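Novice: If you want the building blocks of each chain, they are given just below.
Number of protein chains: 2
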Amino acid sequence: MIYFDNAATSFPKPDIVYQSIMKAMKEYGANPGRSGHKLALRLGREIFETREVIAKLFNIKNPMNVIFTFNCTESLNLGIKGILNRGDHVVTTSMEHNSVLRPLKALEKEGIETTIVKGDLMGRINPIDIENSIKHNTKLIITTHISNLTGTIIPIEAIGQIAKKNGIYYLVDAAQSAGVYNIDVEKMNIDMLAFPGHKCLLGPQGTGGLYIREGLDIKEMGQGGTGSISHLLEQPGVRPDRYESGTPNGPGIIGLGAGINYILQEGMDKVRKHEEELTKHFIEEITKIDKVKVYGPLDVRYQAAVVPINIGDVDSSELSYILDQDYDIEVRPGLHCAPIAHKTIGTFEQGVVRFSFGLYNTHEEIEQGIKAIKEISREA
Amino acid sequence: MIYFDNAATSFPKPDIVYQSIMKAMKEYGANPGRSGHKLALRLGREIFETREVIAKLFNIKNPMNVIFTFNCTESLNLGIKGILNRGDHVVTTSMEHNSVLRPLKALEKEGIETTIVKGDLMGRINPIDIENSIKHNTKLIITTHISNLTGTIIPIEAIGQIAKKNGIYYLVDAAQSAGVYNIDVEKMNIDMLAFPGHKCLLGPQGTGGLYIREGLDIKEMGQGGTGSISHLLEQPGVRPDRYESGTPNGPGIIGLGAGINYILQEGMDKVRKHEEELTKHFIEEITKIDKVKVYGPLDVRYQAAVVPINIGDVDSSELSYILDQDYDIEVRPGLHCAPIAHKTIGTFEQGVVRFSFGLYNTHEEIEQGIKAIKEISREA
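Protein sequence lines, in the order shown, are assigned to chains A and B.
Note that our numbering has the first sequence beginning at 1, numbered continuously upward.
Note that our numbering has the second sequence beginning at 1, numbered continuously upward.
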């Protein structure tokens with residue numbers, strides 16, 4: 001079986017991730033921060049270590065500004081809804097995932113206005129278009145770092161400068177980039193950074209996070225027990241407690257820490273270069289094949305390890321099914337929860353089949369993928 | 001090490017739970033519902049099987065009315081905020097956890113009014129007091145099933161009848177009961193049931209759920225990708241998708257299913273009887289010890305395997321520390337995120353040390369706990 005669906009979730013994970021989760025569950029699977037005994041303290045301490053390594057990865061000065069969430073979607077909802085109020089205006093892009101677009105759509109009913117800056121046919125966003133969309137009441141800019149549909153890398157540093165210059169907050173959706181592409185919240189002027197644990201950071205499902213800049217006061221989505229200031233009925237204002245009510249995914253967070261440490265030990269540059277090599281070769285070869293349409297910038301300087309394709313007019317679900325059944329190659333068809341991105345690149349009707357590569361994919365697997373596409377396109 | 005902190009999180013879990021999680025992560029750790037390939041389909045199917053076994057456990061007719069969440073706190077926030085609007089009135093009790101009280105406190109600012117029915121010194125709630133608190137604008141009754149502080153069992157069936165008779169919705173917090181005490185949402189007139197995965201249901205942290213009665217239209221807390229109706233920017237109305245945006249905790253849900261199946265195979269009555277025996281003996285013996293104060297009904301017909309104590313005026317944190325350091329017994333001190341419950345039973349200043357027993361505790365461990373309390377109280 002060849003797994004080319006890493007943009008949905010990375011698979012497999014490094015062994016150390018599995019081992020760390022199992023060790024935490026079996027040896028000290030207590031409730032961190034809820035009790036003071038050895039097990040609870042150990043789990044609490046290691047959760048803090050994961051906060052620290054995330055802070056290190058993204059150049060976040062204070063680890064307490066890293067909030068753990070259930071997934072990147074929750075992170076985005078928290079960031080978006082926490083900061084916006086009636087009368088505010090938001091600028092975002094046509095390349096966003098539904099995890100950004102649907103919360104914004106829901107907020108329309110509450111009097112929050114959105115401008116969607118359109119990308120070009122390759123999914124590229126021009127920062128100038130973002131700057132031109134700023135109005136007197138623009139409070140927030142939201143962009144993805146890498147399109148989950150086309151792999152297009154969005155120039156977040158340039159957009160961060162625009163945000164800073166105009167006194168507007170900047171929220172980055174790092175769902176497809178955190179763990180592979182360099183992100184520096186200080187240098188890039190990122191006020192909030194949403195990321196999943198289970199994609200390129202190599203952690204388990206059920207983990208994610210949101211960085212919130214020091215002093216940026218956003219509303220919490222939920223309230224509950226925090227193990228702190230328990231005598232008060234008001235939600236505590238202290239971070240991360242304010243945003244982390246109830247029992248956390250302790251062993252999951254330990255696994256996430258192990259995943260990030262694995263990346264740091266391997267070297268993020270090495271991981272990225274590996275993915276770039278695979279992607280470059282794959283794009284080069286499949287663009288030569290008759291009837292194959294490939295989307296995105298088609299240049300690894302501007303496109304991550306996410307390559308959407310179609311073969312002639314074959315329905316994307318059918319193509320994906322053939323790859324799964326006849327070639328044991330796992331990819332994802334359809335709209336990928338990014339409807340406007342499909343309109344942007346002209347694939348809203350057909351969908352695309354998305355190939356997405358990861359740490360553990362090999363050159364040999366890429367060759368097999370290319371071979372499969374050649375064979376199918378011959379018969380299409 | 002003796003673990004008496006099962007009310008915070010059950011530990012350890014049955015081996016099959018660890019094995020199921022590992023198997024899911026290593027063999028088919030894809031993104032369910034996001035792709036159509038073998039791995040994703042298998043994980044999706046097994047997640048549905050967990051929905052089914054939860055439906056079976058609580059006598060829920062349609063498994064699609066079981067919503068998976070991050071934890072019980074999220075379930076409660078979803079249930080509470082999803083249903084209440086400005087001008088509504090809620091009846092709840094003084095025995096609730098901060099996961100109920102803090103969301104209600106936050107809603108006060110939005111014009112939602114709360115009446116807190118006070119329990120007696122044993123933490124008992126009189127259903128008549130609840131009925132007497134109902135007003136013309138009462139929309140919701142919220143009670144815990146079992147107090148996390150005193151173990152007091154709340155008569156949810158009687159309260160459910162009151163809710164039904166008065167045309168009011170009933171939300172039950174089953175944080176301490178789901179998996180040990182019988183819950184039948186039909187028979188008990190429960191409209192929403194919030195439960196954690198990692199306590200008596202023996203699943204991992206990072207799992208929880210909310211049952212929402214068929215046809216009860218509550219607002220979702222977040223929006224995002226659901227892998228369904230992806231061409232629409234509006235959040236889909238279909239269950240469970242409406243309430244489950246983003247990647248779920250796939251392997252965690254598989255582990256939760258394994259935990260529930262384990263309980264059903266053992267027999268929930270057998271598990272409960274075991275816990276009752278331990279609790280009965282523990283209460284009988286420690287109530288005989290000089291200087292020891294024990295709280296709750298002190299009768300296992302009305303008290304679950306949660307026993308709060310104090311020794312003289314010893315600070316609860318200190319007592320807990322001694323138990324941990326000198327006896328290797330893990331318990332929880334303090335306020336347990338239930339401040340009004342402490343006021344109800346008169347322990348707001350001192351806190352309590354909570355002993356909470358689970359499936360894997362033995363009679364021998366209970367004897368050691370009793371012995372430790374005897375020794376400490378002699379020196380106190």
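It should be emphasised that the hints constitute simulated quantities derived from the structure, not laboratory data.
It should be emphasised that the depicted structure is a prediction, and the values quoted were computed from it without experimental measurement.
For each residue, glycine too, the CB sits at the ideal point set by N, CA and C.
Heads up, a few of these hints could be off.
[Said to hold, decoys possible] Okay, derived cross-link-like pairs now, DSSO-like style, lysine-lysine, Cα gap no bigger than 27 Å in a straight line: (1) A:K26 x B:K270; (2) B:K371 x B:K291; (3) A:K109 x B:K38; (4) A:K109 x B:K293; (5) B:K38 x A:K293; (6) A:K26 x B:K273; (7) A:K38 x B:K270; (8) A:K139 x B:K109; (9) A:K219 x B:K109; (10) A:K105 x B:K374; (11) A:K219 x B:K219; (12) B:K23 x A:K23; (13) B:K371 x A:K219; (14) B:K165 x A:K23; (15) A:K139 x B:K293; (16) A:K273 x A:K288; (17) A:K38 x B:K187; (18) B:K26 x A:K26; (19) A:K38 x B:K38; (20) B:K139 x A:K219; (21) B:K26 x B:K61.
[Unchecked claim] Across the chosen pairs, the derived CB separations fall in these ranges: (22) B:E214 x A:G267: 48 to 54 Å; (23) B:R86 x A:L41: 52 to 58 Å; (24) A:D290 x B:L233: 16 to 22 Å; (25) B:Q265 x A:I229: 38 to 44 Å.
[What the hints assert, rightly or not] Coverage of chain A stretches by chain B, computed from C-beta distances (three or more under 8 Å per stretch; other residues unrestricted): (26) 93 to 100; (27) 178 to 192; (28) 220 to 230; (29) 277 to 284; (30) 299 to 310.
Novice: Hey, K219 of chain A versus K109 of chain B, does the alpha-carbon distance stay inside 27 Å?
Specialist: holds (13 Å)
Novice: Confirm or reject the coverage of the stretch 220 to 230 of chain A by chain B under the rule of 3 or more residues with a beta carbon closer than 8 Å to the chain's beta carbons.
Specialist: This one holds; 8 residues, not fewer than the three required, reach chain B with a Cβ under 8 Å.
Novice: Take a quick look at whether K26 of chain B and K61 of chain B sit within 27 Å of each other, Cα to Cα.
Specialist: Outside the cut-off at roughly 33 Å; violated.
Novice: Are K26 of chain A and K273 of chain B close enough, with their CA atoms no more than 27 Å apart?
Specialist: Between K26 of chain A and K273 of chain B the Cα gap is close to 25 Å, so the pair holds against 27 Å.
Novice: Sort out whether K26 of chain A lies within 27 Å of K26 of chain B, counting only the CA atoms.
Specialist: This hinted pair holds, its Cα atoms lying about 17 Å apart.
Novice: Given the hint that K139 of chain A pairs with K293 of chain B, does the C-alpha gap stay at or below 27 Å?
Specialist: Roughly 56 Å separates the two Cα atoms, so the pair is violated.
Novice: Would the hint linking K38 of chain A and K187 of chain B be met if the CA-CA limit is 27 Å?
Specialist: violated (42 Å)
Novice: Under the criterion that the straight-line Cα-Cα distance not exceed 27 Å, is the pair K38 of chain A, K270 of chain B satisfied?
Specialist: violated (30 Å)
Novice: Would the hint linking K371 of chain B and K219 of chain A be met if the CA-CA limit is 27 Å?
Specialist: violated (48 Å)
Novice: How does the stretch 178 to 192 of chain A fare against chain B when you require at least three residues with a CB closer than 8 Å, holds or violated?
Specialist: violated (count 0)
Novice: Does the hinted range 48 to 54 Å hold for E214 of chain B and G267 of chain A at CB?
Specialist: Given a distance of about 53 Å, which is inside 48 to 54 Å, the answer is holds.
Novice: Does the structure keep K38 of chain A and K38 of chain B at a Cα separation of 27 Å or less?
Specialist: violated (42 Å)
Consistency with the previously given hints fails for numbers 3, 4, 7, 10, 13, 14, 15, 17, 19, 21, 23, 24, 27, 29, 30, ordered from lowest to highest.
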